[in-house]
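Chemist: Going down the list, the sequences are from chains A and B.
The first sequence runs 1 to 256 under this note's numbering.
The second sequence runs 257 to 329 under this note's numbering.
Bear in mind the hints are in silico, worked out from the structure with no lab data behind them.
Note that CB positions come from ideal geometry on N, CA and C, so glycine has one too.
Some hints could be false.
Claimed, not checked - Sample of chain A residues facing chain B (criterion: CB under 8 Å; computed from the structure):
no., residue
1, THR20
2, ALA44
3, ILE50
4, LEU58
5, ALA246
6, SER249
Said to hold, decoys possible - Only part of the chain A face toward chain B is listed, based on derived beta-carbon distances under 8 Å:
no., residue
7, ASP3
8, THR29
9, PRO71
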Amino acid sequence: MEDALIIRGIGFRSRLWIGTGKYKDFEETVKVVEASGADVVTVAVRRVNITDRKSENLLDFIDPGKYKILPNTAGCYTVEDALRYSRLAREAGVSDMVKLEVIGDEKTLFPDTIGLLTATEILAKEGFIVFPYTNDDPIMAKRLEDAGAAAVMPLGAPIGSGLGIRNPYNIRIILEGAKVPVIVDAGVGTASDAAIAMELGCDAVLINTAIAGAKDPVAMAAAMKHAVIAGRLAYKAGRIPRKLYASASSPIEGML
Amino acid sequence: MRLEVNGKEYSTERDTVMQLLKELDIAPERVAIEVNLKIIRRSDFENYLLKDGDSVEIVNFVGGGQFSVSGSE
């Protein structure tokens, strides 16, 4: 496969990764996943409802044989909780991958990067393939890489904010320094935001709210798919430099 | 015996993790189990003996993206 994304020997079909939260039911989730062309879907670890056992399992709808299931530690505010959820997720038996979140603050949902670094180091030593959700901080990205992260996942903007890539310059600096893939996680609001992330040279984008919260989530999933492909192609093609003044694209010679 | 299962009081006569799952009608393949904060490997479900007062957590995967965006339960 040309221009494939490979992380720790795992080949990824798509550079669009999607979250499965906030959908009205599993049927809608499946339609969105299919329309997006994503092969990575993130999931959360939660208690089984023991009083209402007719509630269905997400994995009955999203086949782990067909998709790469990426469990997250969403909602964890401490290193201990993040480790506990990661270990439970691995035990549930779909993969060694974990999207590691250690949240620092309820209002911003910004990561607690000190806790994140500690947890990354511990989990990497335990053989996890760790994808830490971090700030758009180039120094922290390096530290996470050194701690054994398989990729770094800087935010474009706060989770669910839809503000887009607020600091493209920091993302560029992260990209320059990183030896591991860089995946923008959080902040994408619409297709152009995803394209911008890819045009900067990011290896993939993870999107949940921008699709789930759209008026037509299935159509937005398709839009994101095309945006990620377009952004990647544009990055590979190499954009022209920005210039203040015009430069004619038709020849002057031969004019009457 | 009395257990705490997923934060709720639960009375049962079943004495292994596997039997408890059967009683609750939960397929063992897609869950992870903790007893008193210790993970029980799936291969031990059959043999792990529960004791009165044990705290059991049974978790699985639900929809989620970033943070606690889990609306599909």
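Chemist: Now, for every hint given, state plainly whether the structure supports it.
Modeler: We went through each hint and held it up to the structure:
Residue-level restraint check for A:THR20 holds (minimum Cβ-Cβ distance to chain B is 4 Å; threshold 8 Å). The restraint placing A:ALA44 at the interface with chain B holds, with a minimum CB-CB distance near 3 Å, inside the 8 Å limit. Interface hint at A:ILE50: satisfied, since its Cβ lies 5 Å from the closest Cβ of chain B, which is below the 8 Å cut-off. The criterion of a C-beta within 8 Å of any C-beta in chain B is met by A:LEU58, whose closest approach is roughly 5 Å, and the hint holds.
Interface restraint check: A:ALA246 against chain B, minimum CB-CB distance 42 Å, threshold 8 Å, status violated. The beta carbon of A:SER249 comes no nearer than 43 Å to any beta carbon in chain B, farther than 8 Å, and the hint placing it at the interface is violated. The interface hint given for A:ASP3 is violated, since its Cβ lies 25 Å from the closest Cβ of chain B, which is over the 8 Å cut-off. The interface hint given for A:THR29 is met, as the beta carbon of that residue sits about 6 Å from the closest beta carbon of chain B, less than 8 Å.
Checking A:PRO71 against chain B: minimum C-beta separation of about 6 Å stays under 8 Å; hint holds.
The structure fails to meet hints 5, 6, 7 from the earlier list, while all remaining hints are met.
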